[in-house]
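Chemist: Sequence:
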Amino acid sequence: MIDNLDVVTGAFGYIGRYIAAQLLENGRQVKTITTHTEKPNPFGSHVQVFPYNFDEPERLEATLDGADTLFNTYWIRFEHSGMTYERAIANTRILFNSAAKAGVKKIVHISVTHAAKDSPLPYYAGKARQEEALKESGLPYVIIRPTLVFGKEDILANNIAWLIRKFPFFPIAG
Numbered sequence: 216m217i218d219n220l221d222v223v224t225g226a227f228g229y230i231g232r233y234i235a236a237q238l239l240e241n242g243r244q245v246k247t248i249t250t251h252t253e254k255p256n257p258f259g260s261h262v263q264v265f266p267y268n269f270d271e272p273e274r275l276e277a278t279l280d281g282a283d284t285l286f287n288t289y290w291i292r293f294e295h296s297g298m299t300y301e302r303a304i305a306n307t308r309i310l311f312n313s314a315a316k317a318g319v320k321k322i323v324h325i326s327v328t329h330a331a332k333d334s335p336l337p338y339y340a341g342k343a344r345q346e347e348a349l350k351e352s353g354l355p356y357v358i359i360r361p362t363l364v365f366g367k368e369d370i371l372a373n374n375i376a377w378l379i380r381k382f383p384f385f386p387i388a389g
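Be aware that the sequence shown starts at 216, since it is given in the numbering used here, and climbs by one per residue.
Misleading hints may appear alongside valid ones.
As the list claims (entries may be wrong) - Calculated pairs, SDA-like style, for lysine to any residue (alpha carbon to alpha carbon, straight line, at most 20 Å):
(1) 321 x 239
(2) 320 x 361
(3) 316 x 254
(4) 321 x 368
(5) 254 x 265
(6) 320 x 356
(7) 321 x 243
(8) 321 x 254
(9) 350 x 379
(10) 332 x 360
(11) 316 x 218
(12) 321 x 376
Claimed, not checked - The following label-pair restraints were derived from C-beta to C-beta distances:
(13) 338 x 256: 44 to 54 Å
(14) 254 x 338: 38 to 48 Å
(15) 270 x 338: 44 to 54 Å
(16) 265 x 376: 30 to 40 Å
(17) 253 x 297: 32 to 42 Å
(18) 376 x 271: 25 to 35 Å
(19) 353 x 379: 13 to 23 Å
(20) 293 x 331: 16 to 26 Å
(21) 377 x 219: 36 to 46 Å
Calculated directly from the structure, the hints in this document are not laboratory data. For each residue, glycine too, the CB sits at the ideal point set by N, CA and C.
Hey, can you work out the whole structure from these sequences and the hints?
Modeler: Right, dumping it as structure tokens:
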């Protein structure tokens, strides 16, 4: 068993990378679960890399074994390549159930502002269902609902800034 262990889903992604870096800076041991195990590991040997293994929950449970906290950034921006919001919600339930079986002490879940099951936008409705799955897991949890995450590698805010610089007007819906 590893002391001071945390697991970050998507530590090679935008939000997960900063979470993992901060944990390492604070002296924590870090594992990541990712769909991109083939990507270069920006943390070298400091972060162990494991696949999600949603189809093999016992392997996912083994990856989570001994973790104090699971920092969950898992979600899809849009449906593609056979991945649907429904499948992502089912995967989330598998992840949270595996965390509970592995004895994870707490989950810190990254959601989004305006997550609502009755939202007409499937992204926000799905995020609300993720939160519901977390609450049903029985584990202690924290839900973080940022309105916008931005920085130098950000996609959305930088695209909006580019549009504002290039076009004489910028429509705001609502």
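Chemist: For which of the previously enumerated hints does the structure constitute a violation, in increasing order of number?
Modeler: Structure breaks hints 2, 3, 4, 8, 9, 12, 13, 14, 15, 17, 18, 19.
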